[in-house]
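Participant: Chain residues, written in single-letter form:
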Amino acid sequence: MLRRSLVLLALVTAGIGFAYVQSVEAVPAFARQYDLQCNVCHTRPPRLNSFGEQFHMMGFQIPSAARPGGLGESIKDKGLAQTILDTLAFRMEGGIFESTKSPHDTESKFVPPEEFTLFVTRPLLPDLSFFVELEAEPNAVVFEDGRFVTRAEVGLGKEAFFMANLGQVLGLIGAPTMQMGNQTMVGRHGGFTMHGPMLMAGKIDPSTNFSYPTNRQLIAATETEVKAGEVERFPVVPYAFTSKFFGLFKDRDEGEPQLVTDQVMYNTPGAPGVDFHAMLHNLVIDHPQIVQVGFLRENEGWNAYAAWRVDFGERDQSAFSVSALINWGFGVAWAPDPTDHDRPSDRRIDRLRYGVAANARWKGLDVYGALIRDQVFDLPSGLGGEFDRTATGLTLALDFLAHEQVMLSTRFDQLWAGGLTDQKEDGSVLSFQVKYFLWQNIAFFARDSVNVRSTVEHHPLREWRNQVLLGIDWDF
Amino acid sequence: MKHWWYVPLALVTLAVGVWVTNPPALRANGEDKHEIEEVGHAHVPAPLEYADLLMPPSVWTDQAMIARGKEIYAANCAVCHGEHGDGKGPAGQALPLKPSDFRDRHAVAEMRDNYWFWRASEGGTVEPFKSRGSAMPPWKGTLSVEDRWAVIAYQHTFSGHQGPHVPWEHPEMVQMGRDIYRMACVSCHGLDGQGDGSVGPTLSPNRAPQPRDFTAGLFKLRSTPTGELPTTADLFRTVTEGIRSRGGPLTLGLSGYRIMPSFRHMPEEQRLELVEYVKSLNQGFWTRQDVKTVPVPAPPPETPERIARGRQLYADAECWTCHGRSGRGDGPSAPTLKDQNDFPITATDLTEPSRFKNGATPQDVYRTVVTGLTGTPMPSYEDALEPDQAWDLVYYVLSLSSESHRASGVAR
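These protein sequence lines map, in sequence, to chains A and B. Our numbering applies: residue 37 is where the first sequence begins, and numbers increase by one. Our numbering applies: residue 21 is where the second sequence begins, and numbers increase by one.
Keep in mind that a hint or two might mislead.
[Stated by the list, open to error] Pairwise CB distance ranges (calculated):
| hint | chain 1 | residue 1 | chain 2 | residue 2 | range |
| --- | --- | --- | --- | --- | --- |
| 1 | B | T381 | A | A482 | 33 to 39 Å |
| 2 | B | G304 | A | G226 | 44 to 50 Å |
| 3 | A | W398 | B | T323 | 52 to 58 Å |
| 4 | B | D350 | A | W398 | 30 to 36 Å |
| 5 | A | I120 | B | P76 | 20 to 26 Å |
[Claimed, not checked] The following residues of chain B were derived to be distant from chain A, with all beta-carbon distances above 10 Å:
| hint | residue |
| --- | --- |
| 6 | E91 |
| 7 | P116 |
| 8 | G144 |
| 9 | V165 |
| 10 | S218 |
| 11 | M286 |
| 12 | D359 |
[What the hints assert, rightly or not] As a list, the in silico SDA-like pairs of lysine to any residue whose alpha-carbon atoms are at most 20 Å apart:
| hint | chain 1 | residue 1 | chain 2 | residue 2 |
| --- | --- | --- | --- | --- |
| 13 | A | K263 | A | V492 |
| 14 | A | K194 | A | K112 |
| 15 | A | K112 | B | P287 |
| 16 | A | K399 | B | D212 |
| 17 | A | K399 | B | D362 |
Because the hints were derived from the structure by calculation, they are not lab data. Here a beta-carbon is modelled for each residue, glycine too, at the ideal position from N, C-alpha and C.
Kindly generate the complete structure, drawing on both the sequences and the hints.
Facilitator: What follows is the structure in structure tokens.
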């Protein structure tokens, strides 16, 4: 009875939302800046299509057509107020109703949307742009005073960075350069050309240029469940990019555990760092290549990484890309104390991460996946055989635009976990999602994630069978 | 979220970034400084008024034309360009901008025929050659069009190339446009220009408009008669303005609804280069002759009488069957409309000029009425309406929207 009432209330809430959005006049920032439909850059938001990836890669500029005067000219053209308005966008994303089935009971409840985000972003000059997210999370999970708690958080969001095209700098030191659509490009027509290198610095997630990017249809993570200061259930996230090891700690002083589902290095909630990426044409092969190197903070250590991507296709309504990633994390986590696994030792570990990703698009189909392997080093000798030093994550996703307004998605996440052998469990999750786009920038979704392995009592990765989430994704 | 210090760090780095990325202006378009200043070989596209003045491909290998060109060259050009086309004629040595060396195969391969014809016609009287000190006289008043073709065909022989001087023989002549196309257009229009990039199927799934197939020769937005290829200026206008659309779920709150971006911020010469590459994807652009456009006369004053006559024409020509009685695109035939690919296509909502694909000024609407939109159910009324009647219809169509909507449609 209670569950039926809750479902009814969820539908009423969605109905009210439907009525409300019809009067909304705001739109996402880039769509307004360029007077473009969302679909020009997104297969359906938030997943970027090839053009959107190019737009992002070029510093949020229409490829080969950057506004020559940048911000100043925009203010002259549109006025200060309109320019400010066009620089802002708002997003509300996450669940409105959630039901979780465990071996013991079924818990159904209303949940507030996970995130309210204000975007402030635009190109400032043809070769310089910025992107800032300010975020409110009603149910953020934070670690304080030695325990996990859930509370509302407001602050900087996933990303806050500027992006600058350093092509002109290369020109100053002698590289041949060209002006292409008011941006500087290195090289010569008919021969090798390079757009960039683009410098992206601030709080960043460099994965947008990877074949398995952050922006995807099944983007909302299920809720992290916290009880009595402990994490009772991990969220379902792409396992390929999680920390993967049980028993590690983020810091030594507070002893904050590194959750095995924390996304690190790529596909992250963002971390301070510096990223250089460039798109190369006519280098050995006649296909565009993106090369990327950078440094990224992780906990009390830092990462050095390199990635490479090759694009094929753009024929027969199809495109294909493959990517490779290699990363060395210097002191990115603390190993557990060999004598007390609930406390960090005095040893920081290094981590080698490497893997591949691919993406194939054909008509309404979009398939993408990543296989990422991690290996840790510098463990305390006392851990001996108690710690599995390697772990692997696999994530495979498929989106299908079944109808102009309906996106079907599925994702399989497989974790071959590493870490303390007395804690570690592998995980396998299959998720499905139906997303209905009322407008291009307003969507309702229903999602179901299934733990396809046996449930394990009192284990946060496996103590559940099924999680249903009704949610909403509004971008204004 | 607790690391607020990212903000000042990002701002400081931002300031450094502004400083770093604002060095002095660099050379444009990959031109070599030596080529520009000393040889005068500059990769600038011919202006729009010359862009469609193409030499028939047969002229390049027509021995009679080449012989005729040789005589003209000897009499008029050799004094500067040299008897053997090496740019070392006796009068050319003292010139600040050295005459072109036609034996330079690389440079000649990059010169499009409309560029060559423009140079022969205008000489050094136009920019950028004028300010670089070009002393070349304009030959358009002295030599007929055919004489200029003949002398160009002869000059071409110095390069040693035997075939016609066309893009499918010399891809170099559209290389810059190709590079721009690969950056900006390929994801929708596809690598080979067949409109089969990966974006089209999700942009407007199973309905019109789909990205244009440049190889098929069907172009909607033209100033030429129905069924013919567009002019260079038509393509330039589309690249500049982008394309608005209606149909399918929209982005809430937008008024313009572009599905093809406007490339108005791309420098004009690069837009021209891009258009030249697009033209190279269809040989018809190079083999056609006598590019005719449907004339758009000066708009007459808008009067209530004219609008009333237009209303009657709208009824008599049965425009309402697609566009609806009130012009909202909801006529009885609207749900059945298909384009040339058999995709459903919406009838334009005439009350929203900001979404007119072919522009919203009275001249734009006139052009749409008289040329039609090839590949769509919108026919050409060139033969059915006198110009004055077409203007009546244009003003009636524009009267269906409010003044503010008309103004915003034109402003875009």
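Participant: With reference to the structure, classify each hint as holding or not holding.
Facilitator: Hints versus structure:
{"no.": "1", "hint": "B:T381 to A:A482: 33 to 39 Å", "verdict": "violated (47 Å)"}
{"no.": "2", "hint": "B:G304 to A:G226: 44 to 50 Å", "verdict": "violated (25 Å)"}
{"no.": "3", "hint": "A:W398 to B:T323: 52 to 58 Å", "verdict": "holds (55 Å)"}
{"no.": "4", "hint": "B:D350 to A:W398: 30 to 36 Å", "verdict": "holds (35 Å)"}
{"no.": "5", "hint": "A:I120 to B:P76: 20 to 26 Å", "verdict": "violated (56 Å)"}
{"no.": "6", "hint": "E91", "verdict": "holds (36 Å)"}
{"no.": "7", "hint": "P116", "verdict": "holds (25 Å)"}
{"no.": "8", "hint": "G144", "verdict": "holds (25 Å)"}
{"no.": "9", "hint": "V165", "verdict": "holds (30 Å)"}
{"no.": "10", "hint": "S218", "verdict": "violated (4 Å)"}
{"no.": "11", "hint": "M286", "verdict": "violated (4 Å)"}
{"no.": "12", "hint": "D359", "verdict": "holds (16 Å)"}
{"no.": "13", "hint": "A:K263 to A:V492", "verdict": "holds (17 Å)"}
{"no.": "14", "hint": "A:K194 to A:K112", "verdict": "violated (32 Å)"}
{"no.": "15", "hint": "A:K112 to B:P287", "verdict": "holds (19 Å)"}
{"no.": "16", "hint": "A:K399 to B:D212", "verdict": "holds (17 Å)"}
{"no.": "17", "hint": "A:K399 to B:D362", "verdict": "holds (17 Å)"}
The structure is inconsistent with the numbered hints 1, 2, 5, 10, 11 and 14, although it conforms to all the rest.
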